[in-house]
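**Q** The primary structure of each chain is shown beneath.
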Amino acid sequence: MPQYYIKKEDFLKFLDNLSREYSVYMPTLCEGRKDDYIYSQCLKPGDFIFNPYRTVEPIKSFLSPLKEKVSNYFSDKTQEGQDKKIAIVGLKNCDIQSLKIQDYVFLQGVCEDEIYAKRRKDTLLISSDCTAFKDVCHCIGLGIMPYPEELFDLNMSPLNDSFIIDVGSKTGEGLIEKNNELFKEATNAQLTAMRLKRESVVEQLSKHLAAKKLAPKEALQKSIASSHGSDIWQNEMLTCVECGACNFICPDCHCFLLADDKKDDKNTRVRLWDSCLYANYARVAGGANPLKLRAQRLRNRFEKKFDFFPTNLKIFGCTGCGRCIEACPAKIDIREVLKKAYEYSKSNKS
Amino acid sequence: MHKNIYEPQEATIENIITESPTIKTFVLRPSNGFSFQTGQFVDITIPGIGEAPFTPSSDPNVKDYLEVTIMNAGRITSIIHNTKTGDKVGLRGPYGKGYPLDQFKGQELVIVGGGVGLAPLRSLILALFFNIDDYSKVVIRYGAKTPEDVIYKDAIPQWANRHNRINLVTTVDRGNDTWKGNVGLVTTILNDLPVDIKKAKAIVCGPPIMMKFVTFKLLELGFGHSQIYLSMEKNMSCGLGKCGHCRLGPYYACKDGPVFTYDKISQLHDIWD
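Here the protein sequences come in this chain order: A and B. Residue numbering for the first sequence follows my numbering, starting at 1 and increasing by one per position. Residue numbering for the second sequence follows my numbering, starting at 351 and increasing by one per position.
Read the hints as simulated data drawn from the structure, not as lab findings. These figures come from a predicted structure and were not determined experimentally. Be careful, since some hints might not be right.
In silico lysine-lysine, BS3-like type, Cα no more than 30 Å apart, as pairs [stated by the list, open to error]:
hint, chain 1, residue 1, chain 2, residue 2
1, B, Lys487, B, Lys434
2, B, Lys434, A, Lys266
3, A, Lys304, B, Lys614
4, A, Lys100, B, Lys614
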């Protein structure tokens with residue numbers, strides 16, 4: 001698909017046009033914190049800021065929110081209000097790549113979750129390149145680049161006071177056509193400049209990660225699979241407080257509970273995020289619990305991400321966003337745990 | 351209209367049969383029709399309270415109602431035990447892979463049940479009876495804790511006499527004054543099975559500890575890993591491989607099971623927990 005060039009002031013006009021059809025969510029700086037971005041709705045296009053790295057909240061909070069009504073059963077269906085389509089601006093590749101897991105869970109398999117499917121269809125994804133990274137970022141260590149190349153509608157690569165726009169879908173193409181007075185075709189010089197900028201970020205992040213001495217991605221599945229009997233889980237368990245923050249903030253974690261309620265004679269069922277660190281996560285009727293111990297649950301989290309998903313989907317259940325590292329009150333660092341598993345598997349080779 | 355995967359259909363409780371002090375069979379009539387394959391499971395909803403998974407115990411060839419045999423063991427099951435005839439419940443499913451009847455055709459089958467684990471097996475047994483000429487032998491071994499805990503007390507003697515291809519033995523862990531049958535764990539009635547063990551297929555359902563020791567016993571008797579079919583109990587919630595709770599190594603029990611041959615899972619960790 002062709003690539004376009006748009007000046008920042010024209011991009012603001014584009015956002016303004018977009019807001020007639022979509023509820024536009026844009027990154028804003030967290031109050032009182034200079035280095036974290038969260039999404040806000042209904043800003044004026046003039047309030048747009050370019051986030052150099054990912055936001056605090058993962059993309060799943062838009063597509064399968066924390067708590068969502070999924071059924072009013074045994075009652076007359078009243079026509080529910082149509083949600084306005086939403087547009088999310090500034091998504092980074094760690095969130096974009098997490099769609100592979102979320103789509104696999106909610107769109108594929110036995111059957112699709114029609115609520116997720118509808119929202120996914122009605123959500124416009126405007127991603128952007130990372131121009132900087134946080135200390136916890138480690139996407140490259142998992143084979144994910146800090147710029148999106150697929151799964152978006154439009155992608156923005158900042159260049160001086162303008163953006164290079166990649167088109168990733170028919171919807172994206174349609175928006176360019178609709179606003180064609182704002183976009184120009186990008187020149188070769190601009191595209192070269194964009195590539196150099198990307199390479200420079202990759203180089204800096206690679207340097208940053210080299211210092212961290214990450215476990216090599218090729219060895220991760222084997223490392224986790226073979227460290228089932230190691231004492232890593234027992235040791236990490238000592239500081240884990242089972243808060244579930246790592247699960248809730250993770251763009252790939254997808255586990256949910258179905259919970260029922262009754263109000264005014266109406267039965268409702270909600271789908272809400274669950275955490276595999278919670279004691280009753282795997283408990284069955286009668287009290288048996290295959291994940292009785294916290295160490296087992298912690299291990300389960302890693303086995304799901306680095307063994308189950310590579311086996312079933314050929315990708316990791318981790319995109320290297322580093323959110324869990326920031327969220328963990330016990331300072332459990334996913335990169336360090338993977339390193340320990342890697343070291344263990346190396347020293348226990350039979 | 352779209353199909354909402356989380357929405358149960360309404361079903362009426364038509365009859366409740368007390369099987370044992372802790373186990374009842376509920377006869378459900380779904381409002382919109384329902385069909386399942388033997389071994390598949392369903393989710394039963396107590397309106398406004400929640401749902402839990404159960405494997406129907408009735409003949410899958412019967413289409414206008416289904417029976418579910420339930421032990422009072424937890425939050426939802428205790429509420430189900432307090433329902434009355436005429437009450438409405440919700441029904442979702444069926445989910446998972448049923449027993450592979452096509453693989454059982456022409457075979458000698460050994461069905462081993464423990465406690466309320468006979469419930470899914472009853473559905474299988476009735477499905478086999480429906481086309482009994484398709485199977486060369488049906489050997490049933492059932493163990494319960496005490497004579498009181500034996501379920502389907504009236505039906506079991508009838509099964510035994512139904513056909514000369516059927517061979518049925520029961521046992522209880524602890525007998526009483528009136529019990530004239532075997533006493534001992536179900537593993538004690540697995541010797542001298544009247545089948546060619548090299549070719550037979552064993553289907554096991556019961557509490558995890560029972561399945562563990564029955565599996566070991568069957569292996570000792572000469573059954574191969576792929577000849578043993580196990581019903582794995584996990585926390586199956588959504589039934590569709592989405593909610594994540596019932597992961598078993600690279601599988602989800604709800605969509606890849608709940609019935610697994612032992613060769614698929616023998617290398618996985620902690621399967622009996």
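**Q** Evaluate each hint against the coordinates.
**A** Taking the hints in turn, this is what the structure says about them:
1. B:Lys487 x B:Lys434: Distance ~39 Å between Lys487 (chain B) and Lys434 (chain B) Cα, so the pair is violated.
2. B:Lys434 x A:Lys266: Roughly 21 Å between the alpha carbons, so the hint for Lys434 (chain B) and Lys266 (chain A) holds.
3. A:Lys304 x B:Lys614: holds, 18 Å
4. A:Lys100 x B:Lys614: holds, 27 Å
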